[in-house]
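Asks: Can you build the whole structure from these sequences, using the hints too?
One line per chain: the protein sequences are W and H, in this order. Numbered per this note's numbering, the first sequence spans residues 1 to 115. Numbered per this note's numbering, the second sequence spans residues 116 to 229.
One should not assume that every hint holds.
[Said to hold, decoys possible] Going by beta-carbon spacing under 8 Å, a handful of chain W positions derived as facing chain H: (1) SER43; (2) LEU44; (3) LEU46; (4) PHE91; (5) ILE93; (6) GLU103; (7) LEU104; (8) PHE105; (9) PHE106; (10) GLU108; (11) GLY109; (12) ARG111.
Calculated from the structure, these hints are not laboratory results. Heads up, the beta-carbon is just placed ideally off N, CA and C, and yes, glycines get one too.
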Amino acid sequence: GAVVSQHPSRVICKSGTSVKIECRSLDFQATTMFWYRQFPKQSLMLMATSNEGSKATYEQGVEKDKFLINHASLTLSTLTVTSAHPEDSSFYICSARDSTSGELFFGEGSRLTVL
Amino acid sequence: KNEVEQSPQNLTAQEGEFITINCSYSVGISALHWLQQHPGGGIVSLFMLSSGKKKHGRLIATINIQEKHSSLHITASHPRDSAVYICAVGPHLISNFGNEKLTFGTGTRLTIIP
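Replies: Printed below as a string of structure tokens:
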């Protein structure tokens, strides 16, 4: 079946560095991908909607200069956490919508720890 | 009041029991998703419903649009079913393939004891 791959699954970085997380649709094309953030024991919070070939749409309260999203192809969206701080430590999940069927598939998530 | 509410928040049951998880929503929707989140964090989409009932293996999902309520049932539960089950609703028509923003419930943590 369709798979959405996220990489890396876990990353530890020093405060002030930037971290890039990739979200790939492996066997379908996705013009739309979504990035979520999840704090422990809480539900997913939508951060932004990533559209292939255009700028991402950010949710209220999400800093677009802090969380850079690039959706350069129909199978890849990237989230870059710039100048990471310990409060950015979280679980980041992407989902991708199959452009043909409309089905939504989720990635395995990426756990970011900022020291 | 949350737009999507799930009950119960936590559920512990013996292996083999029939499990029911409920989801009520207050917004207008065209589709409801049931998701499974494993302890490691990865999410699997179990069902996407706009009406009626769907079955996949031991899992059954139903939705009542008029009552704004959905249920997820697990028959012959097994310890490997232990996970967090999340209900999410979307406001846009699936056929539009639009930028559907899902509203998520807080999840139901299911533990099946051998």
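Asks: Work down the list of hints and note, for each, if the structure agrees.
Replies: Going through the hints against the structure:
{"no.": "1", "hint": "SER43", "in the structure": "holds (4 Å)"}
{"no.": "2", "hint": "LEU44", "in the structure": "holds (5 Å)"}
{"no.": "3", "hint": "LEU46", "in the structure": "holds (6 Å)"}
{"no.": "4", "hint": "PHE91", "in the structure": "holds (5 Å)"}
{"no.": "5", "hint": "ILE93", "in the structure": "holds (6 Å)"}
{"no.": "6", "hint": "GLU103", "in the structure": "holds (7 Å)"}
{"no.": "7", "hint": "LEU104", "in the structure": "holds (6 Å)"}
{"no.": "8", "hint": "PHE105", "in the structure": "holds (6 Å)"}
{"no.": "9", "hint": "PHE106", "in the structure": "holds (4 Å)"}
{"no.": "10", "hint": "GLU108", "in the structure": "holds (4 Å)"}
{"no.": "11", "hint": "GLY109", "in the structure": "holds (4 Å)"}
{"no.": "12", "hint": "ARG111", "in the structure": "holds (7 Å)"}
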